[in-house]
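Participant: Residue numbers (our numbering), protein chains in the order written: chain P, 134 to 439; chain L, 134 to 439.
What the hints contain is simulated information worked out from the structure, not anything from laboratory work. Hints may contain errors.
A pair counts as met if it fits within one copy or between any two copies, since identical chains are not told apart.
Restricting the straight-line Cα-Cα distance to at most 25 Å, the calculated cross-link-like pairs of lysine to any residue (SDA-like) are [what the hints assert, rightly or not]:
1) 418 x 158
2) 323 x 160
3) 384 x 306
4) 418 x 311
5) 384 x 252
6) 323 x 208
7) 384 x 251
8) 390 x 149
9) 418 x 243
10) 390 x 179
11) 323 x 439
12) 390 x 176
13) 323 x 272
14) 390 x 313
15) 323 x 170
16) 323 x 278
17) 190 x 372
18) 323 x 420
Number of protein chains: 2
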Amino acid sequence: MTSPSELSAEALTDLQEFLAQCRVQVDAELDRLVPAESISPTTVHAAMRWSLFAGGKRFRPALLFAVGNTFAAPTDYLLKSACALEMIHTYSLIHDDLPSMDDDDLRRGRSTCHVRFGEATATLAGDALQTLAFQTVAEDDHLSAATRVQVLSEIARGAGTPHGMVAGQARDLEAESQNVTGNDLEWIHKLKTGALIVAAARCGAIIANADEAELAAISDYAARLGLLFQITDDLLDVTATAQDLGKTPGKDARANKATYPALYGIESARQQAAQIHEHTIAALKPLNRRADLLTTIADYILQRNA
Amino acid sequence: MTSPSELSAEALTDLQEFLAQCRVQVDAELDRLVPAESISPTTVHAAMRWSLFAGGKRFRPALLFAVGNTFAAPTDYLLKSACALEMIHTYSLIHDDLPSMDDDDLRRGRSTCHVRFGEATATLAGDALQTLAFQTVAEDDHLSAATRVQVLSEIARGAGTPHGMVAGQARDLEAESQNVTGNDLEWIHKLKTGALIVAAARCGAIIANADEAELAAISDYAARLGLLFQITDDLLDVTATAQDLGKTPGKDARANKATYPALYGIESARQQAAQIHEHTIAALKPLNRRADLLTTIADYILQRNA
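Take these sequences, add in the hints, and give me the full structure.
Facilitator: Structure (structure tokens):
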């Protein structure tokens, strides 16, 4: 079995530099794309920005960049689609935190959107972020219209139902009152977190004009990476502190959420994560390219502590 | 002043036939586009369908069709964009009815989505309808990719912020605790209802390859029509019965909502509606086409009783 300690200090430094660079570019572009707080209606713009600029890791944009870079796409071509994915992710967090959903008060170390701005404004801020995501890609003049509609379709399928994020959230709600099997749980995770991560990776490949075989390999890689991401997320909810997480840990257990540690125990969940990590790396084999960055990202997700 | 009685029985019959035809086509296409209730996650698909197939008038699709027909676009080209607009409209109703927003129990003569399915599922159903709207246009292979991104941009701008529907809803929320002037109210109405109606009309013209001058005239027409639509909506809330409306009348007054009748009185609101109706018709003058259908629609909106 691949040892998680394989990630060298050098590779980690390179990755952290890459992630920091992505974050800077994405944050600057998001700031340009989202209406200023001074523009009326000020409350909804303030709420959109509150959640968007709350110190998110920008993982989905970084993955899109990493895949795009692997196939040598210019950063300019990737930036707006990356921002669109972050807007979709942020809208889903805002709505997920609502009292009727997960009822979370703390996110990324500060008050959630509805705690700060009220439920009505938070609902609208999430709605508007989703809209702006699609507008951003539709109006991205770095890309041909044909590429834009492909990217839009990928993001919509990854975000929607029956094969995307909302389907995962809906199934997760349904599961709260049911006995959840391992298969159910994998399915929920793949949709709830995985689908948008797969969309991010595929958008990077599509913008870079990757061929069909490459796109298939990237989809495979990202599907496994997404599951790995969610299992380590489940584990962190059990093992990390609120300070590390920037959100309330132990929520899953209290909410009786189906998670890998809850279903299999912490040790088995860790073993499964290590195994999925191996499969994630293996999925990159068919690529006729060096995919060091994508490999390092998988290593990093396995070992992350936040 | 143009008399509202100008709408002849014959024109009314023709219009009702046109509207009924639109409704049949749109309903059939929506049924194909939205995942079946039997597909997992079943709750969210049932909730999407509950609100989408609640007997809505399909006014935005009909307007898109009417503008498209005016410029001789084939129905096939118009149908999916029309459905997308109805999905956006329906998502906004679902979220608008939530307890944290307008807290409405009754819509189109039956329980609102959250009353039937719970708040969490209603929130997700609205989210998923918005996503599906954009997916539907992005994947509409009757249209060139260039037309699709134009339509997507129009819908997103009409639905979002700072110049679209969500901006209007957010400003409406802000206004609940303020003294609202006539200008504020016109601005709220133009965004909350008008922007998506303008988008519907413009999408019809864009799909039909209307020229710039025609597009400008259609935008002007639709902006006035949207305001007329909202003022008559305000009036119906005061004057109609629950049975006519299919929703609870008098809600606006009880919620202390800023409306035309509240601000100006019923008689003055009616006079303003009649004046805006005149301007709506006048906006069609620059068109080098017969625009009988668009004229009849304006007449109909002025006189509607539901």
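Participant: Now tell me, hint by hint, if it's right for this structure.
Facilitator: Taking the hints in turn, this is what the structure says about them:
1. 418 x 158: neither (30 Å within a copy, 48 Å between copies)
2. 323 x 160: For residue 323 and residue 160, neither the intra-copy (27 Å) nor the inter-copy (32 Å) Cα distance is at most 25 Å.
3. 384 x 306: Close inside one copy (15 Å), not across copies (32 Å); limit 25 Å.
4. 418 x 311: Cα proximity of residue 418 and residue 311: none, with 39 Å in one copy and 62 Å across.
5. 384 x 252: For residue 384 and residue 252, both the intra-copy (20 Å) and inter-copy (20 Å) Cα distances are at most 25 Å.
6. 323 x 208: neither (28 Å within a copy, 38 Å between copies)
7. 384 x 251: The answer is both: 22 Å in one copy and 22 Å across copies each meet 25 Å.
8. 390 x 149: Result: close neither inside a copy nor across copies, 32 Å intra and 51 Å inter.
9. 418 x 243: neither (41 Å within a copy, 55 Å between copies)
10. 390 x 179: between (31 Å within a copy, 23 Å between copies)
11. 323 x 439: within (20 Å within a copy, 45 Å between copies)
12. 390 x 176: between (33 Å within a copy, 18 Å between copies)
13. 323 x 272: Intra 30 Å, inter 23 Å, cutoff 25 Å: inter-copy only.
14. 390 x 313: Only inside one copy: residue 390 and residue 313 sit 10 Å apart there, 46 Å across copies, limit 25 Å.
15. 323 x 170: So residue 323 and residue 170 pass the 25 Å test across copies only (21 Å; inside, 35 Å).
16. 323 x 278: neither (30 Å within a copy, 30 Å between copies)
17. 190 x 372: So residue 190 and residue 372 pass the 25 Å test inside one copy only (19 Å; across, 53 Å).
18. 323 x 420: Result: close within a single copy only, 23 Å intra versus 52 Å inter.
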